[in-house]
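**Student:** For reference, the chains in residue letters:
There are 2 protein chains.
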Amino acid sequence: MLNRMRCSMALVWLLWLVTVQFEILEALTSHTRPGCEQGDQPPPSTRVNTTSRLASFRAALAEIDGSFQAFIVGSEDAHDSEYPTEYDQRRAYISGFSGSSGTAVVTMSSAALWTDGRYFLEAEQSLDCNWILMRSGLTDTPAIEQWLNSQLLNERSNVGIDKSLISHSSFLSLQKKLAALSQHHSLLPVDSINNPVDRSWTVGRPPQAKNPIHALDLKFAGVSWADKIKALRENITSKGAGAFVVNVLDETAWLFNLRGSDVRFNPFFLSYAIVELDRTRLYILDKDTRLTANPTDPETKVKLAEHLQTSASGTCEPSKAREGTCVEVVEYNPIKVEEDLQLIAQSKQVWITFSASFAVYSAVQNSSLIAKSPLAIDKSVKNKIEREGMQRAYNRDSAALIKFLAFLEKEIKEGRHWTEVTAGAKLDEQRKKLEYNRGLSFETISGYSSNGAIIHYRPLNHTDKKISTDSLYLLDSGGQYLDGTTDVTRTMHYGNPTNYEKECYTRVLMSSINLAMLKWPEGLYGRQIDAVARYQLWDVGLVYRHGTGHGIGAYLSVHEGPGRIRIVQTPSASDEPLRSYQFFSDEPGYYEDGEFGIRLETVVMTSHFQPKYDTAKQLFLEFLPVQLVPFETNLIELSLMNHNQVKWLNEYNAKIRETLLPLLTDDVLATNWVNARIKQISIEPSASSTPTLTISTVLAIVTVLLALH
Amino acid sequence: MLNRMRCSMALVWLLWLVTVQFEILEALTSHTRPGCEQGDQPPPSTRVNTTSRLASFRAALAEIDGSFQAFIVGSEDAHDSEYPTEYDQRRAYISGFSGSSGTAVVTMSSAALWTDGRYFLEAEQSLDCNWILMRSGLTDTPAIEQWLNSQLLNERSNVGIDKSLISHSSFLSLQKKLAALSQHHSLLPVDSINNPVDRSWTVGRPPQAKNPIHALDLKFAGVSWADKIKALRENITSKGAGAFVVNVLDETAWLFNLRGSDVRFNPFFLSYAIVELDRTRLYILDKDTRLTANPTDPETKVKLAEHLQTSASGTCEPSKAREGTCVEVVEYNPIKVEEDLQLIAQSKQVWITFSASFAVYSAVQNSSLIAKSPLAIDKSVKNKIEREGMQRAYNRDSAALIKFLAFLEKEIKEGRHWTEVTAGAKLDEQRKKLEYNRGLSFETISGYSSNGAIIHYRPLNHTDKKISTDSLYLLDSGGQYLDGTTDVTRTMHYGNPTNYEKECYTRVLMSSINLAMLKWPEGLYGRQIDAVARYQLWDVGLVYRHGTGHGIGAYLSVHEGPGRIRIVQTPSASDEPLRSYQFFSDEPGYYEDGEFGIRLETVVMTSHFQPKYDTAKQLFLEFLPVQLVPFETNLIELSLMNHNQVKWLNEYNAKIRETLLPLLTDDVLATNWVNARIKQISIEPSASSTPTLTISTVLAIVTVLLALH
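Protein chains in written order, with this note's numbering: chain A, 12 to 720; chain B, 12 to 720.
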């Protein structure tokens, strides 16, 4: 799946997203709001009336000490999450626009929402006339600080933002930008208790998510949480620090071998953790209930308190806390976390990461060490149990996808009615029945024909297309399993593709294979190898405006850092070189606006290998394919491919035969579907001085010889 | 040629150099000085006695106001030049070590010299026992600031450095590092007039270089200096600045269409320039003589004063200065430049570049704008006349190299005695006879067998090897011509190469071709495409520890920024994306320590091209080969190459046939040598479903048919 994360690596993923261009929308200017002027057509009925919400919001804003004239409401939760909980969707509430990416800025007299090209249309249909739509990326769209500076004329005005809902680096950067424009206006942090959305959103707000938290059995996690705490403490010591703050949710889930369902598509639970050398604290909501509740997951045998070796109220004996065999569980409350951090910072250096909120940063400011998270790296390098689990999960998932694709092809070719929505729903339903499945890892992207060209497409009823035999069908989907997180994209054509479509598909396949075949000396960043996945598209002028690969978690996030494979102009601070035993998507694509989209996403694992020659005296890495779903023979133009690519394809298909076919014995349709796609292709010798002959030459020779005879 | 530049892009090239590893030297510890302890063998006679030099130096140091306890003497001149003049070789003088890279630090009681692994041996043989040899890159070698901190114990000591001989960024960085280690010691800038080397080096110092400065005719430069000044002024205006300081020598030479010979291998002259919107000043040594001297270059028809439209003493009428048709010529003197800059900075913002010295930086500090040089970009994008000139220069140069290689092969095969030194000297001599030649563009690298594996090798009498038929011979050379600067590397084997040597050569060739074939969307940096030139070496575990390509000037520096093609972990501030009409080396290699070296360097030019499909709606770039010297057929293992690579090779050879053969009609030996290497290779169809037959199959069929008949 393409990366949608806003979040723990916000800057990084943002770079990914902003590479997407939206030329067709450039005709619009950023202030056009159809239906908002006298004489206009009536506005669409989908727009959300925010008049009273804004009035209450402004009243709450006026009550904060510090004479705030404006307030910024971003999409972020306190954990820089890709998918904030419904309770945390403050920007969606105040603006009415619920797309995944956007920033609302409300002054006492006006309101504006910034979003990117993926959402221009949706935002136009959601925002009422209280709102100015700011189309990010268009040349006449002001930056937030510019607009604020133009709105807060001739006044000494403070602009507020909830300090727990923005990373410290983003806060400081915006503060600096605003200060550079005006000496009169300042961006100031606001305590979350005074957040005007929280104070005014009193009716209809979804409750905070407090779903059960389950222990992940060692047979899935591979390493006990006590061992992970031990390793983390060694890391803390080696940095000369005394504590580490875990503020992103996948790191808490990984560190304690716990999974929840507070967040969409991700098995996370709202939490903070503070790990010291003699004490470990985990902050969760509704701790007393959750600690002692009976597990509802059939694969979890112990209650949360038992798993964490803690009392029913979450307390630890000091000796067990010291030795790292008991976790103190504390009620989740941002204010409490800040107070605890302030106390710790009085005597110890506190290690926080680049994604820590401004609230966390402020609490420890005078004794903080800001550095990459050691958990991010440890989590990304999968242990043996996780690797085996991932492979099993991918095998199950691939088998299910194959069965579905075989079924869908038959249905479409027989003229049955399937749409993007119904096909996606059917696949989702089948995936959810698989062993260890715990839902989807993201919203299925099911895009036929021109919808496939929309890179971050999600099928909605009003965009839904019938899947037919005259164009390409792109299907990007994945599941969460106790033993792994999956992600796979294949593109099909159920009729007769044109030569051009075949060339595009084949070049995407060649690009994907080129990356999959790559071997490289350890130590390189993904940004240094990304071009290998692009050059055979560039050869004929084709480009794709997204990254080539993202990391993948083991029953965690489908988008996992810190390694990633992208072309970037400016490296991010959290970027890391690729290491052995990390899982990455390998997903080049090609998208023709208004016509079709092609993406081929195969998940691969990094692994050391012994090169033919070892004169370099250094470790080398390669990618091993983990996910085994055949490519479409009717879309491959073999004459474009070189021998090494065909060899890779043959080996991949042999692996499918060996690994996947045995899982499909109950399904003749699927078996036939696979067999039709994995035939070994004969490889001819490459260019050499050994002469070979074409059939026509041979026939000519034979004819002559026969005549002479 | 591999990049040796220390200079205008010091940080960048440094990154290039430090990637070279010197494992074999790790056994040495950084303080071992053989011959310096009682009982040691006597030291080598090559060591330079610096006792009296150091005494005079320390006396001069003691005289500077500010109680300096130590002074740093780097390799840099005031212009961050790759090759400082002999007058400027202060570090070589004070230490006795004359390698291109090194930093001397002298305290009142000790002296130490830092250099990198290329020079460990040479430094050991040059430095007397007054010196500690600091082997940069070894784990127990302290950084300069660490050593200073350990030497200047318990005192409040100042460390000096000549402020005109270090870039402002390097100065500030070192100052910060020293301050971080100690509150007692400070790095302070010293005026060049107080430089203790300059004050104590009174005997035997070479005079300052003041060789003739020649106007470069428009038929070579393509654009008049007045037009370049006009464009620069527009750039200054667009930045909101009032002046630009030209501090690197290739930019002055390019801007004024002037060339000199003050510097080794580069047609430069010592100079500064300050361009304002109404005035242009050029600072040169001995201005009165040089302005009015008769040109000594037969291709220059005008005196310097005429070329610059200035008076015999270098003055301009204000109106001509304003319209940019007269250049004021001022006597070169760093102090004068600083004073002039201070005056300008009182009323204007002064644009300086990242390479500006701390002296220049200090002079304009309060009203400076630090940004990339606009001249660096304009200079790198060659105009039509320059492009045509470069191609002609490369054709002449290639023809001469071909003649030499054909001759040398015959000589070696006939058993005549040639060594690295004599072969290199013969080639140099032939090159210097060519039309428009103005010397070499760098010191010829002529390395046989294990010497070829030393990446920055220069043949010396005591390392010189006989060229024979049992190993590889690497020859990297280039010339300066009025119409272009050349650089070319080929590797030969005059006997029977092993299969391993053939595989290594072929993979280097494939790597070179892969880069040469690359097409890419405009806007990428070289660091984003470098991997394309490496992956087919990585496939079997081979690496080369240097960049793949550097920019090349037009009768300027053979190493020209700002674009470059390298794998880097951290991009440099001066880096720029590749643009159309830039010239780059394409020079992958493979070096086996103690055995052999292979490098294939072909100069290519970037150019826009129309891709097969234009759906991306953006400009694409490709590389066109400029330099035409055949590769070695006896070292190519065709079976490793893919069809596209063979196709490229065929096209390259066709171009040699068409362009170079006509230049060789007077030389049968060379013609035959070329013809033996440019035979078209038959390309078979790639893997596909079309069956083809091998000869043996055909014979079998024919036999059967004949039998049946």
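Honestly, the hints are just simulated from the structure, not real lab data. Hints may be right or wrong, so weigh each one.
As the list claims (entries may be wrong) - Here are the simulated DSBU-like pairs of lysine-lysine, each with C-alpha atoms no more than 30 Å apart in a straight line:
{"no.": "1", "chain 1": "A", "residue 1": "Lys-187", "chain 2": "B", "residue 2": "Lys-383"}
{"no.": "2", "chain 1": "A", "residue 1": "Lys-359", "chain 2": "B", "residue 2": "Lys-188"}
{"no.": "3", "chain 1": "A", "residue 1": "Lys-188", "chain 2": "B", "residue 2": "Lys-359"}
{"no.": "4", "chain 1": "B", "residue 1": "Lys-250", "chain 2": "A", "residue 2": "Lys-188"}
{"no.": "5", "chain 1": "A", "residue 1": "Lys-476", "chain 2": "B", "residue 2": "Lys-513"}
{"no.": "6", "chain 1": "B", "residue 1": "Lys-188", "chain 2": "A", "residue 2": "Lys-250"}
{"no.": "7", "chain 1": "B", "residue 1": "Lys-187", "chain 2": "A", "residue 2": "Lys-383"}
{"no.": "8", "chain 1": "B", "residue 1": "Lys-658", "chain 2": "A", "residue 2": "Lys-658"}
{"no.": "9", "chain 1": "A", "residue 1": "Lys-530", "chain 2": "B", "residue 2": "Lys-331"}
{"no.": "10", "chain 1": "A", "residue 1": "Lys-623", "chain 2": "B", "residue 2": "Lys-513"}
{"no.": "11", "chain 1": "A", "residue 1": "Lys-623", "chain 2": "A", "residue 2": "Lys-383"}
{"no.": "12", "chain 1": "B", "residue 1": "Lys-347", "chain 2": "B", "residue 2": "Lys-331"}
{"no.": "13", "chain 1": "A", "residue 1": "Lys-188", "chain 2": "B", "residue 2": "Lys-188"}
{"no.": "14", "chain 1": "A", "residue 1": "Lys-331", "chain 2": "A", "residue 2": "Lys-239"}
{"no.": "15", "chain 1": "B", "residue 1": "Lys-530", "chain 2": "B", "residue 2": "Lys-331"}
{"no.": "16", "chain 1": "B", "residue 1": "Lys-513", "chain 2": "A", "residue 2": "Lys-628"}
{"no.": "17", "chain 1": "B", "residue 1": "Lys-623", "chain 2": "A", "residue 2": "Lys-513"}
{"no.": "18", "chain 1": "B", "residue 1": "Lys-623", "chain 2": "A", "residue 2": "Lys-658"}
{"no.": "19", "chain 1": "A", "residue 1": "Lys-530", "chain 2": "B", "residue 2": "Lys-658"}
{"no.": "20", "chain 1": "A", "residue 1": "Lys-188", "chain 2": "B", "residue 2": "Lys-187"}
{"no.": "21", "chain 1": "A", "residue 1": "Lys-187", "chain 2": "B", "residue 2": "Lys-359"}
{"no.": "22", "chain 1": "A", "residue 1": "Lys-383", "chain 2": "B", "residue 2": "Lys-443"}
{"no.": "23", "chain 1": "A", "residue 1": "Lys-623", "chain 2": "B", "residue 2": "Lys-658"}
{"no.": "24", "chain 1": "A", "residue 1": "Lys-658", "chain 2": "B", "residue 2": "Lys-513"}
{"no.": "25", "chain 1": "A", "residue 1": "Lys-530", "chain 2": "B", "residue 2": "Lys-241"}
{"no.": "26", "chain 1": "A", "residue 1": "Lys-187", "chain 2": "B", "residue 2": "Lys-331"}
{"no.": "27", "chain 1": "B", "residue 1": "Lys-476", "chain 2": "A", "residue 2": "Lys-628"}
{"no.": "28", "chain 1": "B", "residue 1": "Lys-331", "chain 2": "B", "residue 2": "Lys-359"}
{"no.": "29", "chain 1": "A", "residue 1": "Lys-513", "chain 2": "B", "residue 2": "Lys-383"}
{"no.": "30", "chain 1": "B", "residue 1": "Lys-437", "chain 2": "B", "residue 2": "Lys-314"}
{"no.": "31", "chain 1": "A", "residue 1": "Lys-250", "chain 2": "B", "residue 2": "Lys-476"}
{"no.": "32", "chain 1": "B", "residue 1": "Lys-658", "chain 2": "A", "residue 2": "Lys-513"}
{"no.": "33", "chain 1": "B", "residue 1": "Lys-383", "chain 2": "A", "residue 2": "Lys-188"}
Said to hold, decoys possible - Cβ-Cβ distance ranges computed for the label pairs, FRET-style:
{"no.": "34", "chain 1": "A", "residue 1": "Asp-481", "chain 2": "B", "residue 2": "Ser-693", "range": "37 to 43 Å"}
{"no.": "35", "chain 1": "B", "residue 1": "Ser-693", "chain 2": "A", "residue 2": "Glu-669", "range": "33 to 39 Å"}
{"no.": "36", "chain 1": "B", "residue 1": "Gly-534", "chain 2": "A", "residue 2": "Glu-533", "range": "27 to 33 Å"}
{"no.": "37", "chain 1": "A", "residue 1": "Tyr-624", "chain 2": "B", "residue 2": "Lys-477", "range": "56 to 62 Å"}
{"no.": "38", "chain 1": "B", "residue 1": "Glu-606", "chain 2": "A", "residue 2": "Thr-150", "range": "42 to 48 Å"}
Note that beta-carbon positions come from the ideal geometry of N, C-alpha and C, so glycine has one too.
**Student:** What hint numbers does the structure not satisfy?
**Tutor:** 5, 9, 11, 15, 22, 25, 26, 29, 30, 31, 37 and 38
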